[in-house]
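**Q** Here's the letter readout for the chains.
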Amino acid sequence: MDLKKFEKQATLCYYSFRIQNPIMKTTTTLSKADLDRLLGWLSADQEAAGKKYLEIREGLVRYFRIKGCYESQSLADETINRVAMKLKTFQLTSELKPITYFYGFAKNIFFEYLAELKRSPMQIEPELAGRLEGQTDDGEDKETRFHCLDDCMAKLRTDESEMVRAYYAKDRSEKFEARRRLADSLNISIGNLHIRVHRVKKILRECLESCLERI
Amino acid sequence: MDKGSEKLRRYLLGDLSVEEAEEIEQTIILDEKFEAEVLEAEDILIEDHVEGTLSADEALKFQEGYLITPERYQNLEFVATLRRYSSERAISDRVHEAGSFWERLRSFLSNVPAVAYVICLLLFFGTVAAYFWLGRDEGLSKIQTKYSALNRQDFSDLGPYRSISSISVLPGSLRGTDSTVKISQGPSGDSILVRLGLPVEFTNYAHFDVRLKREGKKILSFDALSAYKSESSNELRLLLPVAILEKGLYQLEAIPTDRPESPITYAFDVE
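Protein chains in written order, with my numbering: chain A, 19 to 233; chain B, 46 to 316.
Just chain A, with the same shape it has in the complex (with noise of 0.2 Å):
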């Protein structure tokens, strides 16, 4: 099998294996005694603690996606069970806030994750890594991934398909000239531009890895 070939199949199999296999198995189990303590810890309201949770949950998510994990989810599970799964040892006090404790276990939990990582077959060396980026270049992956893209557009509405091609046409010196052209032409500033850009561009590789998968 040539290099080409092998890196291809690499990455294809990389998706799938991804969502099939997480990096991290998340185990823990949450008990109906752990998560009351663990809402009364919030607020002594319970529907204010509801809130609370559900709150710190979203912002865990955040936390794990901004570090570039993919099962950022269940990570951010994991993190709330396991402070609810301790909190009957926590030596609790007014000074700390319980975002320092989600925190601080949401950071041991991602240095796990990347030590998992390390051990996971499906690692991409960042030698393999500096190869594949230069497959792009490559015509058969190539027009598989644009053929691809080609059906996500067409998935889209058409004013955002147009937006992000626009947004992506011009590179380097252009490109900030042509986006601040796109973003008057839809009467939007700059960053709330670059938001709907992002929206739309998380829909398109979810296509487009969906997509990949197929073939």
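All clues stand as given, with none of them false.
Below, a list of computed lysine-lysine pairs in the DSS-like style, where the Cα atoms sit at most 27 Å apart:
#, chain 1, residue 1, chain 2, residue 2
1, A, Lys219, B, Lys78
2, A, Lys69, B, Lys78
3, A, Lys188, B, Lys106
4, A, Lys125, B, Lys48
What the hints contain is simulated information worked out from the structure, not anything from laboratory work. Source: prediction; values computed, not measured.
Fit chain B to the supplied structure of chain A, relying on the hints for placement.
**A** Just chain B now, with coordinates in the frame of chain A:
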């Protein structure tokens, strides 16, 4: 790049102190709006990497501090693919649009060759005609301006004009009758002095607008020309350019400025 964005960039590259990084990460958990700022900094960082505009130090930190998870690598690869896709599709769209127009035109012309030839001929002759017509109009415009100025001068003393050709025309002169004034084509000099006798009933009108027409089409016009007393009756005096007087029947229409509903018509023939 502002300080906030610069700090986030350094955070993503793993270039901040533990305390600074913790501050950012706790803000990520607490403030949902902050995520957009981090993602924006991340996208800019990735694009800079793809474009090769990172400094050597940043490029190293990008590899060692940012590309630490497969997810981040996949995101980088996706952005690179999307940029390439958008750029190439934009080019192919432009080529396709340009091609489709000319292809449609060529297809149309090849299916109907006669139409193509006619269109080409019409375009050619149209261009030539427009060139001469516009040139003629431009010439007439200059003549109009020049003779409007000339005809505003005082003609009460005809002494200075004795050396140029002149004709006297009475109203109602018709072609083919003895009374029609005839002049030979190409009289000497640049101008010809035309004296238009006014009927008795128009003696009291001091100013007239005069139109020179050929075959019903107006060629020149002069506004508010003065009427002058002559031996028998009043008359209008004006200069016409010889250059425009081609062979044919010409009409002059004198309209009293105070009585526009009663034009007086004159005619002369250039032979």
